[in-house]
Amino acid sequence: MTTQPVKFYQTGTFTVGNRLLDESQRSVQANMERTNSLNSGHRACQGCGEALGARYAIDAAMRAAGNQLVAANATGCLEVFSTPYPETSWQVPWIHSLFGNAAAVASGIAAANRVKGRKGVQVIAQGGDGGTTDIGFGCLSGMFERNDDVLYICYDNEAYMNTGVQRSSATPPAARTATTPAVGKRPGNVAGTGKNLPLIAMAHGIPYVATASVANLHDLEAKVTRAMGISGARYIHIHVPCPLGWGSAPADTIKVARMAVESGLFPLIEAEHGEVVDRAKIRHRVPVDEYLKLQRRFAHLFRPERDTERLAMIQAVADRNIARFGLM
Amino acid sequence: MLKQIEGSAAVAESIALCRPEVVCAYPITPQTHIVEGLGEMVKDGRLSPCEFINVESEFGALSVAIGSSAAGARTYTATSSQGLLFMAEAVYNAAGLGLPIVMTVGNRAIGAPINIWNDHSDSMSMRDAGWIQLYAETNQEAADLHIQAFRLAEELSCPVMVCMDGFILTHAYERVDIPTQEQVDTYLPRFEPRQVLDPAEPVSIGAMVGPEAFMEVRYLAHYKQLRALERIPQLADEFKAGFGRDSGGLIRSYRFEDAETIIVALGSLNGTVKDVVDEMRDAGVKIGCVSIVSFRPFPLAPLRAALERAKRVVVLEKSLAVGLGGIVSDGVRKSLSGIVLKGYTVIAGLGGRAITRSSLRQLFERAGRDELEAVTFLDLRTELVDRELERERHARRTGPTAEALLRDIGTVASRID
Ligand SMILES: Cc1ncc(C[n+]2csc(CCOP(=O)(O)OP(=O)(O)O)c2C)c(N)n1
Ligand code: SF4
Ligand SMILES: [Mg+2]
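Protein chains in written order, with the working numbering: chain R, 23 to 350; chain D, 31 to 447.
Fair warning: there could be bad hints in the mix.
[Unchecked claim] Listed next, the in silico EDC-like pairs over lysine to aspartate or glutamate satisfying Cα-Cα at most 16 Å (straight line):
(1) D:Lys372 to D:Asp400
(2) R:Lys207 to R:Asp329
(3) R:Lys141 to D:Asp228
(4) D:Lys341 to D:Asp400
(5) R:Lys217 to R:Asp156
(6) R:Lys138 to D:Asp228
(7) D:Lys270 to D:Asp228
(8) R:Lys138 to D:Asp400
(9) R:Lys315 to R:Asp300
Simulated from the structure, these hints should not be mistaken for laboratory data.
Predicted model only: the values in this text are computed from it and were never measured.
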């Protein structure tokens with residue numbers, strides 16, 4: 023994780039300008055050497071956080087692996103928008119089998135690489151939150167527990183987007199989805215106990231777990247790079263806003279993601295063998311309202327009147343994260 | 031080498047001789063002994079290089095197999111019953127992706143009611159998933175079919191299921207000739223995958239295909255099976271040349287040339303059927319039998335050739351198409367299109383109900399007199415059925431059926447008789 027002290031933020035946004043960083047730490051957007059593993063021309067919506075996250079994650083992984091990378095993909099937006107055959111955006115050997123088995127397919131690829139003596143060929147599995155926290159959970163937990171040599175990346179857009187925005191176990195309380203409509207006494211998603219997959223991954227004691235956000239691509243790349251240098255089961259959970267499902271402006275994807283981090287709702291942490299080893303401090307704390315207000319899926323929390331009870335509950339989640347992970 | 035050995039152990043040894051590189055294991059009776067055997071061989075180094083992976087479910091087992099096969103490793107797994115259903119989505123997927131995985135199905139009934147004993151409901155449920163399905167009659171054949179299965183799978187890039195009757199074969203000790211490594215190596219070349227996940231030549235496997243090409247992909251899967259119809263007998267011939275015995279092929283016929291009544295069955299049941307055929311032949315009855323080894327692809331032409339001169343065909347099935355009757359009978363009927371003869375479907379042995387020689391003899395005699403109904407349930411305990419139906423006529427809340435029947439019989443545990 024970045025350790026360089028930064029004194030200057032971009033005016034108004036409180037983001038760290040790339041140019042303010044040391045050259046070696048800057049994110050590179052366009053570069054002849056960049057592999058563009060998820061190439062342009064795919065069919066993601068404008069402002070898709072998942073496309074952005076995958077592009078940076080896989081390119082960073084490719085750099086770290088010296089281009090010796092194989093990827094297994096769960097069914098979901100990323101799979102569908104990247105491979106409208108005969109076109110494919112993938113510049114890496116890539117396989118899609120099913121919705122719920124990406125982790126297991128990756129375990130199989132890793133086993134084949136081992137038995138074939140293909141040293142240095144690394145394996146990534148990737149899927150959405152539904153493919154990870156719900157239907158693919160069994161295979162994922164198996165892959166963790168066996169400590170298979172796979173980096174699993176979850177692109178968390180907090181619902182089943184590919185099928186039209188239905189609730190998943192990663193959908194936050196009160197959010198409107200197609201299966202938790204904004205009607206009735208308590209519109210939107212129920213407030214269950216939640217399912218914190220990074221913590222569940224940590225409970226497996228696997229060598230590396232991290233959360234990342236498209237709001238901080240540099241941090242995301244650094245985490246992927248770190249993960250690629252470790253062998254065994256690794257897990258990175260990336261927060262990726264979905265303008266279509268969240269009802270946010272495509273131009274606001276980074277802003278929305280940043281508010282999730284700065285409010286404390288999406289803590290950026292790193293853990294090794296079940297212990298948190300680092301966290302990104304919040305530089306400019308914002309109340310959860312500022313995050314929620316950018317998204318139509320939470321509109322019913324503010325109209326026709328403020329839902330103070332549930333807003334307080336969501337704020338309490340953020341506060342608890344901040345205290346729990348020492349984010350301030 | 032001749033060995034007195036458990037069926038599962040023989041299959042494990044035979045698979046090990048095929049040099050699988052990845053074996054995925056998940057326990058379910060009656061298949062478990064096979065993967066246990068392989069696991070031990072990997073652990074003590076007899077089978078190397080090989081990755082033995084204990085997965086968290088059958089869905090995981092076949093999914094790991096899909097990954098390793100797509101990455102170019104010769105891959106094996108085994109399952110039964112509930113396990114096969116649990117992996118159903120991956121069963122279709124492996125075939126759709128054209129991955130030459132070999133899987134043993136230790137045939138077992140499907141619940142509810144849960145039942146660990148043998149019938150063919152499990153593999154029959156996957157008959158149209160795009161896998162080649164071979165049914166072993168003996169443990170020798172089960173061992174041999176796996177060697178042929180890898181060859182066939184890899185030639186065609188199509189997964190192959192080798193079905194062997196649970197307990198009747200998997201747990202039976204009998205004489206099996208285990209081939210030598212040289213014999214197997216000569217017969218089974220190294221695996222050269224048709225598609226492979228290789229960073230040097232990146233391909234995308236498993237993309238979305240719409241109406242513009244889906245039919246063609248499906249047709250090609252069908253075409254592969256038609257190719258298998260040609261290759262299976264050739265591979266069996268080659269096997270005979272290398273190993274000195276008959277194993278495999280599409281169908282096997284027995285005393286059928288002048289037979290008026292021909293019995294058709296799959297798997298180990300054919301042993302009993304042949305005994306009864308011999309008995310009845312001794313008594314002067316013109317009866318014979320045909321064993322279907324390859325159920326997918328379905329051998330329409332060879333079956334027609336074997337059956338067309340008979341007066342009647344009795345299809346003995348260890349599975350039930352609920353609401354219809356037979357599954358195998360459908361294919362047999364198709365093979366006889368345009369030929370007029372009597373056809374009978376007999377559902378037998380469900381959930382491990384023993385199929386005895388005396389029952390079969392009576393059945394075949396009734397068939398010979400054309401006294402059978404179109405669909406017959408062999409040794410159905412009608413008194414139990416009637417009692418339950420009577421109960422249901424009188425009360426709405428009669429409770430769970432299976433438990434009521436067991437109470438009527440007065441047994442606490444299931445028994446086979
Ligand atoms: C077994 C199975 N169940 C359901 C589906 C339908 N399905 C395909 S993609 C998808 C949603 C994916 O959601 P997520 O994993 O969160 O990825 P996203 O599209 O949001 O990126 C669903 C429900 C399927 N393909 N397979
Ligand atoms: S629906 Fe959401 S996740 Fe899917 S492509 Fe559009 S923006 Fe991306
Ligand atoms: Mg999602």
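We went through each hint and held it up to the structure:
{"no.": "1", "hint": "D:Lys372 to D:Asp400", "in the structure": "holds, 8 Å"}
{"no.": "2", "hint": "R:Lys207 to R:Asp329", "in the structure": "holds, 11 Å"}
{"no.": "3", "hint": "R:Lys141 to D:Asp228", "in the structure": "holds, 13 Å"}
{"no.": "4", "hint": "D:Lys341 to D:Asp400", "in the structure": "holds, 10 Å"}
{"no.": "5", "hint": "R:Lys217 to R:Asp156", "in the structure": "holds, 10 Å"}
{"no.": "6", "hint": "R:Lys138 to D:Asp228", "in the structure": "holds, 12 Å"}
{"no.": "7", "hint": "D:Lys270 to D:Asp228", "in the structure": "violated, 37 Å"}
{"no.": "8", "hint": "R:Lys138 to D:Asp400", "in the structure": "violated, 60 Å"}
{"no.": "9", "hint": "R:Lys315 to R:Asp300", "in the structure": "violated, 29 Å"}
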